[in-house]
Amino acid sequence: MKVIPIHHPHDPLQLLTEEVVMVLGFFDGIHKGHQKVIQTGREIAKKRGLKLAVMTFNQHPAIIFQRKMPTEVTYLTNLEEKEKRMADLGVDILYIVDFTEEFSKLSPQEFVDEYIVDLHTKVAVAGFDYTYGHGTKEETSVEILPKYAKNRFEIVIVDEELLENEKISSTKIRLLMQEGDMLGVAKRLGHFYTTTGIVVHGDARGRLLGFPTANVQVDSSVYLPKNGVYAVRMKVGDIWYLGMGSIGHNDTFGSNRKLTVEINIFHFNQMIYDEKVIVEWHDYLRNQIQFENIDALVQQLNQDKNDTLHYFLKNDN
Numbered sequence: 001m002k003v004i005p006i007h008h009p010h011d012p013l014q015l016l017t018e019e020v021v022m023v024l025g026f027f028d029g030i031h032k033g034h035q036k037v038i039q040t041g042r043e044i045a046k047k048r049g050l051k052l053a054v055m056t057f058n059q060h061p062a063i064i065f066q067r068k069m070p071t072e073v074t075y076l077t078n079l080e081e082k083e084k085r086m087a088d089l090g091v092d093i094l095y096i097v098d099f100t101e102e103f104s105k106l107s108p109q110e111f112v113d114e115y116i117v118d119l120h121t122k123v124a125v126a127g128f129d130y131t132y133g134h135g136t137k138e139e140t141s142v143e144i145l146p147k148y149a150k151n152r153f154e155i156v157i158v159d160e161e162l163l164e165n166e167k168i169s170s171t172k173i174r175l176l177m178q179e180g181d182m183l184g185v186a187k188r189l190g191h192f193y194t195t196t197g198i199v200v201h202g203d204a205r206g207r208l209l210g211f212p213t214a215n216v217q218v219d220s221s222v223y224l225p226k227n228g229v230y231a232v233r234m235k236v237g238d239i240w241y242l243g244m245g246s247i248g249h250n251d252t253f254g255s256n257r258k259l260t261v262e263i264n265i266f267h268f269n270q271m272i273y274d275e276k277v278i279v280e281w282h283d284y285l286r287n288q289i290q291f292e293n294i295d296a297l298v299q300q301l302n303q304d305k306n307d308t309l310h311y312f313l314k315n316d317n
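Residue numbering for the sequence shown follows full-length UniProt numbering, beginning at 1 and increasing consecutively.
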């Protein structure tokens, strides 16, 4: 897959000259609704003998439209993860547009002319709620895209994907994560939610308690599940290991501690500092507790381990 950054106003030399099926969207989370849109584009591209391109943005439009600081916005899939999942979905070309103030002011017609037509689009594919360009809701609706297309490309609008009579959306997935419903999240993503990070040195308290943990440093732009203890899998190298994970502040050891992601990997004794790992969040076991003493904490950790093993015994993933 070719990944091509685009900065407005774009340089024609940046753009490929081959005709494409262009799928449009931000695609945070790349959930089943997004996958349906991309799959529709892939099927059309295969029938037409064209390359499949996707156009997305480098940052959330809210940073511009709602004047948010980049550090205030979190993502279900950051750019690195988005690129990986797009490649897995069979995308040939991924255009990543720099969503700047200047770009945000393009009219719908200018957007269509410069970012759909100029990118040699034969068929544009978008979800039913896709919007584009600067204007009113009516002016930027995908329903009136034909007005701006002027018969220069075909348009395919993909209906919403429903689960339990409700639209699958990134917003719903975030709500479920804050409820600890990771199975509900997985049903909408098509896989369990994952977080990628680097193993860093921690306080080593877990080792003294008999539960050594890998402290995973996660980029601040990544949206995390609610604080608590989870049954997890963690990928180290090419191997997935079972374990239990904690997201929280370790209040038992003091107040005002920074948020950490810690994973106790079962049957594992390797040194993996500075390695990139992937945490797969399966089942929410309990919330964070401030324990009265270390013995109570160790007793609970043993129960958490038993609960985790029981979960994976019942759910042979």
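These are calculated hints, taken from the structure and not from any lab test.
Don't be surprised by glycine CBs; every beta carbon is placed ideally from N, CA and C.
Worth double-checking, as some hints may not be accurate.
Claimed, not checked - Distance windows between CB atoms, simulated:
no.	residue 1	residue 2	range
1	VAL200	ASN315	27 to 33 Å
2	LEU309	ALA87	32 to 38 Å
3	PHE291	VAL200	46 to 52 Å
4	THR171	ASP316	38 to 44 Å
5	GLU139	ILE239	48 to 54 Å
6	GLY49	LYS235	34 to 40 Å
7	ARG152	GLN178	41 to 47 Å
8	ASP118	GLU166	34 to 40 Å
Unchecked claim - Lysine-lysine pairs mimicking DSBU-like chemistry, simulated, CA-CA at most 35 Å apart:
no.	residue 1	residue 2
9	LYS105	LYS167
10	LYS235	LYS122
11	LYS68	LYS105
12	LYS36	LYS258
13	LYS147	LYS226
14	LYS235	LYS32
15	LYS305	LYS172
16	LYS258	LYS226
17	LYS147	LYS51
18	LYS68	LYS46
19	LYS150	LYS235
20	LYS122	LYS105
21	LYS137	LYS36
22	LYS172	LYS122
23	LYS137	LYS105
24	LYS314	LYS51
25	LYS137	LYS187
26	LYS2	LYS305
27	LYS172	LYS51
28	LYS258	LYS137
29	LYS187	LYS46
30	LYS167	LYS68
31	LYS47	LYS226
32	LYS150	LYS32
33	LYS137	LYS235
34	LYS84	LYS276
35	LYS105	LYS235
36	LYS68	LYS314
37	LYS305	LYS137
38	LYS172	LYS258
Item to check | Broken hints, by number | outcome: Checked against the structure, the hints that fail are numbers 3, 4, 10, 12, 13, 18, 19, 24, 26, 28, 31, 33, 35, 36 and 37, while the rest are satisfied.
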